[in-house]
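> Listed below, chain by chain, are the residues.
There are 2 protein chains.
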Amino acid sequence: PTTPCTDFDVAYFHSYAHVGIHEEMIKDRVRTDTYRAAIMQHQSSIEGKVVVDVGCGTGILSIFCAQAGAKRVYAVDASDIAVQASEVVKANNLSDKVIVLHGRVEDVEIDEEVDVIISEWMGYMLLYESMLGSVITARDRWLKRGGLILPSTATLYLAPVTHPDRYGECIDFWRNVYGIDMSAMMSLAKQCAFEEPCVETIMGENVLTWPHVVKHVDCYSIQIEELESITTSFNFKSMMRAPLHGFAFWFDVEFSGPAISTINNHVPSVIASSKNHPMDGFQKKKRANPNETLVLSTAPEDPPTHWQQTLIYFYDPIEVEQDQQIEGSVILSQSKENARFMNIHLEYASGGRSFVKESVMR
Amino acid sequence: PTTPCTDFDVAYFHSYAHVGIHEEMIKDRVRTDTYRAAIMQHQSSIEGKVVVDVGCGTGILSIFCAQAGAKRVYAVDASDIAVQASEVVKANNLSDKVIVLHGRVEDVEIDEEVDVIISEWMGYMLLYESMLGSVITARDRWLKRGGLILPSTATLYLAPVTHPDRYGECIDFWRNVYGIDMSAMMSLAKQCAFEEPCVETIMGENVLTWPHVVKHVDCYSIQIEELESITTSFNFKSMMRAPLHGFAFWFDVEFSGPAISTINNHVPSVIASSKNHPMDGFQKKKRANPNETLVLSTAPEDPPTHWQQTLIYFYDPIEVEQDQQIEGSVILSQSKENARFMNIHLEYASGGRSFVKESVMR
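Sequences listed follow chains A and B, in order.
FYI, the numbering for the first sequence is 13 to 374, going by our numbering.
FYI, the numbering for the second sequence is 13 to 374, going by our numbering.
Heads up, some of the hints might be wrong.
Pairs count within a copy or across copies, as identical chains cannot be separated in the list.
No more than 20 angstroms apart at the CA atoms, straight line, and that leaves these computed lysine to any residue pairs for SDA-like [to be verified]:
#1 K61 with D264
#2 K102 with S199
#3 K102 with G191
#4 K156 with F20
#5 K202 with Q53
#6 K83 with R253
#7 K249 with D21
Just so you know, the hints here were simulated from the structure itself, not pulled from any lab data.
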């Protein structure tokens, strides 16, 4: 039984009918070059094979796969951008290889098993938009045993950050405005600026310590239920003395094959669960990168992408000393208001004081 | 009889309850410094006098007036930001001088005549937001004969522009995307990018000739009916050979006193009409600036402001030769959908071809 398409889904698909969002994604060279490089790196698994591109947008990844020698590519998108994707495919004389299917992966029909699933499904702070569910659906409906999923894994990170410039420019700013004390504005300013998550680019130097792994996703085994609510506890030790302004989320994805995935103890089966994945809850110290696995990273220390980082700011900074502990927990859950929104329940404590912050990524 | 407050007004006032919009306006130094300089220039008309600040926001202009020696300043705003304005006034020990009135100028009561009206009412392309109507209401309700209005005049300009970079970056871009011909995207790209007016900053070098005056507003005499629909015809001669990509609107306002206004044949009376103002429909060649009148300009050749310029782009550029004529007409009218929106009906012809473009500033 297919889940019905909600009004929120309609609005979501509609947002992808606007060109700007595709222009932004395509112009993000870190994103698009890494996908193209990953397709070329896995050319031997793609050549002569059947591919599904989940959420194909303008069809660029499908065309990369066709260029890499895919026998057939099913380019699926529920947004009206599929109309343009179809025209692009035709203009490039690839209509015999790339089949654009305008609909949801839950609804369209593909009458064969596929060898490869490719998808650029990542939203802000990885899971915003909940598009990973469509990849899971495609995998469970069509992927051959031993098939390839690109990307193969994804990891969401969290770290404490200091960002005095940001705080100064929109909060402290009000202390002296053309010589006038407008600090009466500060409380409203904090609420307006910091009530909800902010998508913005920070630098490696804003991060106070190694990040914590909030969630590791193995695309071969992840189950939809695992995404409904994600809970993690963290315990950081600040590497420096600084005002702590909040926490940043970012993610990376890896493009490894099913074989490497097995070496890493991932079971390429839809039954296995990664609920207790050994990486979850651990702090990342150094990137494990066997066999030159391609990584698309949105970390503050790496070149900026259109995903930027997602910041949860406090209303007031906490002064932390070097080695001071910052502990707490996060619960990420789908909003009841709109399943594509995300509730972020954050508890944190440091220096003997503890706080709770609720926010919604809309 | 007071006009009722519509849902659109509620939404409009609500948008000004967010701090960001005030932060942006205050940080626009061209705007705020010019207002402050104008207040100081007219200090002799403000000292010991009664002032109304229409749409006071955070109250900054009211405080400038109090600092300039105003006896009393009524700071009126229908948005909830009036709560903060009141706190700012209190924190600066000006509660005896600055009286914050939380409501519309149509609804609040001021039991005396006022000597000065100050207001920063200008929206994108001057008239968007329709806030000038509130200044007219305040003038007709409270302003003394011979009183001062700051700014005193406003002029909306139109000029043909070339902008190959902008066109290239979002339209021609699709011709070759990572080696793929995606020109099938161009039609949708044009529609998404250029269907509605764009607020963006262009340079003096983007402008093909002297601007045309779409509307000159004398704040002493303008009547609300004149703003419902503004029609003008233009006839430009391109000063260079270039692709014509569209038209730009911008404005300036002047801070002259009622005396200077009279010299300019403006009658400082609410009965006189500027409907056939001698400047309307003429092209501006040089700024008349008697007595060092302060001007706040948002022209492309002047330092950028948060108003930027408002561009109406064509779907396809027109190649024009030097001295080629570009003629047509514009009708600006309030949207029936929402009185704070503006319909822009543009007709233009050049090189023997003519076009019509309808757009809505939302």
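> Could you place K102 and G191 in one of the four classes (within, between, both, neither) given a Cα distance threshold of 20 angstroms?
Classified as between: cross-chain Cα gap 15 angstroms, same-chain 63 angstroms, threshold 20 angstroms.
> My question is about K202 and Q53: at a cut-off of 20 angstroms on alpha-carbon distance, are they close within one copy, between copies, both, or neither?
neither (47 angstroms within a copy, 35 angstroms between copies)
> Tell me, please, which holds for K102 and S199 at an alpha-carbon limit of 20 angstroms: within, between, both or neither?
Between copies only: 15 angstroms across, 56 angstroms inside.
> When no copy is named, should K61 and D264 be tagged within, between, both, or neither for a Cα gap of at most 20 angstroms?
Neither: 27 angstroms inside a copy, 63 angstroms across copies.
> Could you figure out if K156 and F20 sit no more than 20 angstroms apart (CA to CA) within one copy, between two copies, both or neither?
neither (31 angstroms within a copy, 55 angstroms between copies)
> Given a CA cutoff of 20 angstroms, do K83 and R253 count as a within-copy pair, a between-copy pair, both, or neither?
So K83 and R253 fail the 20 angstroms test inside a copy (57 angstroms) and across (50 angstroms) alike.
> Please work out whether the CA atoms of K249 and D21 approach to 20 angstroms or closer within one copy, between two copies, in both situations, or in neither?
Answer is neither; intra-copy 41 angstroms and inter-copy 50 angstroms both fail.
Consistency with the previously given hints fails for numbers 1, 4, 5, 6, 7, ordered from lowest to highest.
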